[in-house]
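**Q** Sequence:
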Amino acid sequence: MDKTYIVPVTEEYQNLAKQLSQQSGKIYSKAVSFLKRMNKKAIKISRKTFDRYMEWWIHKKGFILHSQSKQAAYQQAWTAYTATLKKVKKTEKKNKDVSKIRVPYKSKKYNKVCFKSSAIKQEGSNLIFSNMKGAERIVIKVEDFEARPKYAELIYHKDKNKYYMHVVVEFPKKQVNSEKAQTIAIDLGIIHPMTCFDGKRVTIYNGGILNSLIRYRNKKLGEIQNKLSKCKKGSKRWKRLQRAKRKILKKIRNQIRDVLEKYTSHLIGYCVKNNIGTIVIGDLKGIRNEAKYGKVANQKIHQWMFRKVARRIGEKAGFVGIDIVYVKENGTSQVCPVCGSKNKPRNRNYECGECGFRYHRDGVGAINIYKKYTGIKFLVVGRLACPTGVRFRWHLRCPVEWNTHPWMRNSAGKTA
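Each residue of the sequence shown is one higher than the one before, starting from 1 at the first, in the numbering used here.
These are calculated hints, taken from the structure and not from any lab test.
In this text the structure is predicted, and so the values were computed from the model without any measurement.
It cannot be assumed that every hint is accurate.
For each label pair, taking beta carbons as the anchor points, the in silico distance ranges come out as [said to hold, decoys possible]: (1) 234 / 57: 30 to 38 Å; (2) 37 / 230: 39 to 47 Å; (3) 331 / 10: 54 to 62 Å; (4) 48 / 220: 50 to 58 Å; (5) 244 / 101: 25 to 33 Å; (6) 48 / 234: 18 to 26 Å; (7) 388 / 216: 52 to 60 Å; (8) 232 / 93: 34 to 42 Å; (9) 44 / 226: 43 to 51 Å; (10) 101 / 286: 23 to 31 Å.
Quick reminder that beta carbons are idealized off the backbone N, C-alpha and C, glycines included.
Given the sequences, and given the hints that come with them, work out the whole structure.
**A** This is the structure we're talking about:
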């Protein structure tokens, strides 16, 4: 399993980082210019020819980048170029217009710098990122690391006005005690992003803050778009509104990400604490194609971040050795988990007309997903406790510390 750590480059090496980024940008721009020229002349070139030309051109320059960092810069342009050609072929097969599909054409003054494993060395508590032989190296001090980094990327963070090193480290997948491992089912929802059932109790993650952020984003976006529609494109006011739009969207996007990260981390902490070895998630594939409920409801469904939630659960579960299983959840919120009769709930509470069973609607969905996977036919109502709620707080803590990887635990870096 791979994990990315974002480590700040010290002030001592900021100028060197800028120089390396500028050289990487020149190599990328030259590669783009060459590919654009070949495409304009309708000349098909092979990867081998492209590599030879770029190596010949780079050899004439006095770049101090590591040889593999130079290769990564022009390979970035080649990857984008081949992806464009594949897109053109795919579009032509569908008999669609390809005139608007363009090969990479924009040059970059600055570009990210890639360091492969051969360019990264560990000396004591230091990580050393090498450049050309005899050139100055970037040294970053870290503590308590055991695993060797696979590769790293030197990236400029515009909001911080400084360079950071994104270090990718590979960790072995942890194993859960399969003999005692339990199962938990998750019903993904709009009002409540996650509703979980582990065979004994239901846990509901409150989505109030998440939905309020989405509503606020829609409101602010509507206000700015209304003002933009009255401006001339390219004018000073238009540019100012575009900057304001980017700023507010970035702020809300970060807040939404924070909510989802803390909720999913809390869930994984709960799983580790209770020795859960399998997470069963309701599969919602294709739900947006079937959204025909009205303007407001359709907007909520199309802005529903169920894929993002499921992806983050899967990524975090992999670090602690928990398996992820997807189960079709058609009708799980309508079937009574006690008697099996079908009843369509009219509000947030589910009530069975046959046996009188009453419970939270999302809780019923999670219970039925659990039953689908485990094969349990009947539910003992007496053993089912009332749902437990998890309300978001800006300092929400996990039930246990599940991020047990020692790499850079006490350093200044943060995980991505």
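**Q** Does the hinted range 18 to 26 Å hold for residue 48 and residue 234 at CB?
**A** Violated, at about 43 Å.
**Q** Starting from the range 34 to 42 Å, see whether the pair residue 232 and residue 93 falls in it by beta-carbon distance.
**A** Cβ of residue 232 to Cβ of residue 93: about 40 Å, so the range 34 to 42 Å holds.
**Q** Between residue 37 and residue 230, is the Cβ distance one that fits in 39 to 47 Å?
**A** Holds: the Cβ-Cβ distance is about 42 Å, inside 39 to 47 Å.
**Q** Is the distance from the Cβ of residue 234 to the Cβ of residue 57 consistent with 30 to 38 Å?
**A** Hint holds: Cβ distance 36 Å, inside 30 to 38 Å.
**Q** Taking 23 to 31 Å as the hint, is the beta-carbon distance of residue 101 and residue 286 inside that range?
**A** holds (27 Å)
**Q** Residue 331 and residue 10, beta-carbon distance inside 54 to 62 Å?
**A** Because 57 Å falls inside the window, the suggested range holds.
**Q** Between residue 244 and residue 101, does the beta-carbon spacing fit 25 to 33 Å?
**A** Given a distance of about 32 Å, which is inside 25 to 33 Å, the answer is holds.
**Q** Does the hinted range 52 to 60 Å hold for residue 388 and residue 216 at CB?
**A** violated (28 Å)
**Q** Quick check: does the Cβ-Cβ distance between residue 48 and residue 220 fall within 50 to 58 Å?
**A** Since the Cβ atoms of residue 48 and residue 220 sit about 51 Å apart, the hinted range of 50 to 58 Å holds.
**Q** Hint says 43 to 51 Å; check whether the CB-CB distance for residue 44 and residue 226 agrees.
**A** holds (48 Å)
Of the numbered hints stated above, those contradicted by the structure are hints 6, 7, listed in ascending order.
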